[in-house]
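Engineer: Using the hints provided, position chain V relative to the given structure of chain A.
There are 2 protein chains.
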Amino acid sequence: MPFAYAKTGMSLIVQKYGGTSVGSIERIKIIAQKVCDFQAKGHKTVVVVSAMSGETNRLTALAHELQAQPDPREMDVLLSTGEQLTIALLAMALQNCGCDVRSYTGSQVRIITDSVHTKARIREIEQSKIKHDLDKGRIVIVAGFQGSDEKGNITTLGRGGSDTTAVALAAALNADECQIYTDVDGVYTTDPRVVAEATKLDNITYEEMLEMASQGAKVLQIRSVEFASKYSVPLRVLSSFVDGEGTLISAEEGRMEQALISGIAFNRDEAKLTIVGVPDQPGVAHHILGPIGNANIEVDMIIQNVGVDGTTDFTFTVHRQDYEKTFKLLQTIAADLGARDVSGDTKIVKIALVGVGMRSHAGIASTMFAALAKESINIKMISTSEIKIAVVVDEKYLELAVRALHDNFDLAKAE
Amino acid sequence: MPFAYAKTGMSLIVQKYGGTSVGSIERIKIIAQKVCDFQAKGHKTVVVVSAMSGETNRLTALAHELQAQPDPREMDVLLSTGEQLTIALLAMALQNCGCDVRSYTGSQVRIITDSVHTKARIREIEQSKIKHDLDKGRIVIVAGFQGSDEKGNITTLGRGGSDTTAVALAAALNADECQIYTDVDGVYTTDPRVVAEATKLDNITYEEMLEMASQGAKVLQIRSVEFASKYSVPLRVLSSFVDGEGTLISAEEGRMEQALISGIAFNRDEAKLTIVGVPDQPGVAHHILGPIGNANIEVDMIIQNVGVDGTTDFTFTVHRQDYEKTFKLLQTIAADLGARDVSGDTKIVKIALVGVGMRSHAGIASTMFAALAKESINIKMISTSEIKIAVVVDEKYLELAVRALHDNFDLAKAE
Chain A
1 MPFAYAKTGM SLIVQKYGGT SVGSIERIKI IAQKVCDFQA KGHKTVVVVS
51 AMSGETNRLT ALAHELQAQP DPREMDVLLS TGEQLTIALL AMALQNCGCD
101 VRSYTGSQVR IITDSVHTKA RIREIEQSKI KHDLDKGRIV IVAGFQGSDE
151 KGNITTLGRG GSDTTAVALA AALNADECQI YTDVDGVYTT DPRVVAEATK
201 LDNITYEEML EMASQGAKVL QIRSVEFASK YSVPLRVLSS FVDGEGTLIS
251 AEEGRMEQAL ISGIAFNRDE AKLTIVGVPD QPGVAHHILG PIGNANIEVD
301 MIIQNVGVDG TTDFTFTVHR QDYEKTFKLL QTIAADLGAR DVSGDTKIVK
351 IALVGVGMRS HAGIASTMFA ALAKESINIK MISTSEIKIA VVVDEKYLEL
401 AVRALHDNFD LAKAE
Chain V
1 MPFAYAKTGM SLIVQKYGGT SVGSIERIKI IAQKVCDFQA KGHKTVVVVS
51 AMSGETNRLT ALAHELQAQP DPREMDVLLS TGEQLTIALL AMALQNCGCD
101 VRSYTGSQVR IITDSVHTKA RIREIEQSKI KHDLDKGRIV IVAGFQGSDE
151 KGNITTLGRG GSDTTAVALA AALNADECQI YTDVDGVYTT DPRVVAEATK
201 LDNITYEEML EMASQGAKVL QIRSVEFASK YSVPLRVLSS FVDGEGTLIS
251 AEEGRMEQAL ISGIAFNRDE AKLTIVGVPD QPGVAHHILG PIGNANIEVD
301 MIIQNVGVDG TTDFTFTVHR QDYEKTFKLL QTIAADLGAR DVSGDTKIVK
351 IALVGVGMRS HAGIASTMFA ALAKESINIK MISTSEIKIA VVVDEKYLEL
401 AVRALHDNFD LAKAE
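Here the protein sequences line up with chains A and V, keeping their order. Heads up: the first sequence begins at 1 in the numbering used here, then just goes up one per residue. Heads up: the second sequence begins at 1 in the numbering used here, then just goes up one per residue.
Pulled out of the complex, with its shape left as it was, chain A reads as follows (with noise of 0.2 Å):
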């Protein structure tokens, strides 16, 4: 593989199959054969196992018939199964390839969390049971989304937390890499269903990627990016069924040209809302934003323009689902700070470029701005952090408003 492995002559990598990819026996034969002639290569392997997709949803169903909101200890002691269940099928597979397997679930590693069941964090990881099976040449298997706490009690991560087991495992082990392997071959450009030229990306920043999946980019959970970066554990997305070299996401010293642009993400689940003509006094977000919070609402972008009368506007977004509710709210608050109206559009969309080579060139804001006005796509709100520009436009814009940036931001060319 042309991927530098070999720092140490042998290295010792960490592959996580989510539960498509190891879906059935089938596919789980497919999973070992690939595992084994990795392995062949000369790397020490440590393959991190979700549940077979289906198995999670029929574990829910069954609690569901007892317990509309399951208690979250024994919903981890149910859950937790369906990793244990492809381990051991996972090594039976592997068995049949000739290898020396060892299988073991979170408990038995150990993964130390807390004991915040259903959303537990990962506080330690016991490495020598690996590495001794490691060193005596056998493939280790290790179950993921789970662990238990200080007590022994069985605890589970929460959404992704496959990702982060093998992030984490790569972290304790000092590996030269954690390979996801997903259902896409890696991290493009932007949407290839959107954008036809859309090309895939041997390198990006975790910081980038981080802006990618919260942008809307669905490859990776946020949460294991950030645990790679804080550990600097260099982390691939490959394909779990066709070859190739994925992407190939680690700290930015490491890369050996720097793209302007890495690529651009949209969200489609977003709704816009704005106060109008707030008073323009110290507080003021305060008092609109802390009642959205208290109600467990989630605010994404936030604007508040300069007052000129004494008064401002005072915009921000909410996840689509989110926005009746939030709507209802900021009519009480609007009474209550005097203002003099509410509205709100829920058919609009997020764009954001995103690019750490934007921190040392000028003018991208205007290019993009520029080209989306070629289009005469009207922007509505733009938010920028050091390595993304985003814009909100109108819903029907998302197709042209994509095409037109990774157009003039010759992303078709990234390769």
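In case anyone wonders, no lab produced these hints; they're calculated from the structure. Be careful, since some hints might not be right.
Said to hold, decoys possible - Per label pair, the in silico range of CB-to-CB distance:
1) E324(A) <-> V242(V): 33 to 39 Å
2) K136(A) <-> A68(V): 48 to 54 Å
3) K136(V) <-> H64(A): 53 to 59 Å
4) T60(A) <-> A68(V): 31 to 37 Å
5) E150(V) <-> E298(A): 43 to 49 Å
6) Q331(V) <-> D37(A): 31 to 37 Å
7) Q33(A) <-> E126(V): 49 to 55 Å
8) G158(V) <-> G98(A): 27 to 33 Å
9) G98(A) <-> T346(V): 40 to 46 Å
10) E252(V) <-> K151(A): 41 to 47 Å
11) R123(A) <-> K325(V): 53 to 59 Å
Bear in mind the structure is a predicted one, so any value in this text is a computation, not a measurement. From the three backbone atoms N, C-alpha and C, an ideal C-beta is built for every residue, glycine too.
Structural biologist: Just chain V now, kept in the frame of chain A:
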């Protein structure tokens, strides 16, 4: 309940529910209510459960899609998810009844076993967690059939493993009683499908139960009765779905009144083989049975007649499915030994009279033989132990023989 729990005020009871009893969400709800009501009477309650009926078959089928002989270690990882699923669901159902409850896998308890995967033996059980929970008024649910070895590998106990878990827990916790809930309401004088007048026994000794079980009464696994006997754990067999006192299996001393005969067991699964005209000399039994044992064929009854003309006939029984294989082996052995012939019969049954009362009563055997003779039933083999007389007769006489004996020994009046 009429049986004497309250040795020391509050009693500690271990209950075990099998796969049929927890075979659906509806049944789990019924069992939860039963357990909850039971605890409410003031009993400290530990519940051991099997996998839901069907679950073990589902898991085994998955393994068999990969390996004809699944790897024992990984099979244990796989199968142990079955009971883990049940403990979580039962815990949720008990919470719905308002109970405080904790579920534990075998590893969590910890139930320490040897490392013989798929048929491990229990070495030690830690009591601290369970006792702590019981003292806090909690119901404790433990996954049957499973444990872990000293290295933390998951193990399973093999056939009847959940019964063994229950008895071992009862022994470790010094429980007042171990209750095995099944689909029958107790141990009967004989199979009610053969003798309509068969009556449920209130009491039976461990020894009698062992003879009954090994003679073909399938209520309890022999292993769990042996275990209960060894640690003097009072064992009670009851129905999961019908209220009643079941049958108490305990040491002889505890019994108020000694019945002469406790029951009649029978077994349709055997076949008889005879090697005719073997030279009657030392070592001949070993010469015959050695190769049979080496072929993993289990021999039950063995009879050697006194030789007359320097030769003897040697007869034994095996499981009917081993008949053909044994017959062929015996032909080779006969040739080696210079025996005259090999004969066999698959259309036989074994019938056994069981009762500790036999010890102090002469004449039971002759009453038995007289009863069979009166019905013109020819006895083909006889074998006795201190508390058992077993005969082999033609298959066609099974019902007639069992009814005649049941009648002759007044078992219908056993109450």
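Engineer: Confirm or reject each hint.
Structural biologist: Consistency of the hints with the structure:
1. For E324(A) and V242(V), the hinted distance range of 33 to 39 Å is not satisfied, since their beta carbons lie about 54 Å from each other.
2. A hinted range of 48 to 54 Å is violated for the C-beta pair K136(A) and A68(V), which are about 26 Å apart.
3. Take K136(V) and H64(A): their Cβ atoms lie about 28 Å apart, and the range 53 to 59 Å is violated.
4. In this structure the hint that T60(A) and A68(V) lie 31 to 37 Å apart at CB holds, the actual value being about 33 Å.
5. Between E150(V) and E298(A) the Cβ separation comes to about 48 Å, which falls inside the hinted range of 43 to 49 Å.
6. Remark: the range hint 31 to 37 Å for Q331(V) to D37(A) is contradicted by a beta-carbon distance near 51 Å.
7. For Q33(A) and E126(V), the hinted distance range of 49 to 55 Å is not satisfied, since their beta carbons lie about 41 Å from each other.
8. Between G158(V) and G98(A) the beta carbon distance is about 28 Å. The supplied range of 27 to 33 Å therefore holds.
9. Between G98(A) and T346(V) the beta carbon distance is about 43 Å. The supplied range of 40 to 46 Å therefore holds.
10. Judged by the Cβ atoms, the range 41 to 47 Å given for E252(V) and K151(A) holds: they are separated by roughly 43 Å.
11. At roughly 57 Å, the beta carbons of R123(A) and K325(V) sit within the given window of 53 to 59 Å.
Comparing the model with each earlier hint shows violations of hints 1, 2, 3, 6, 7; every other hint is respected.
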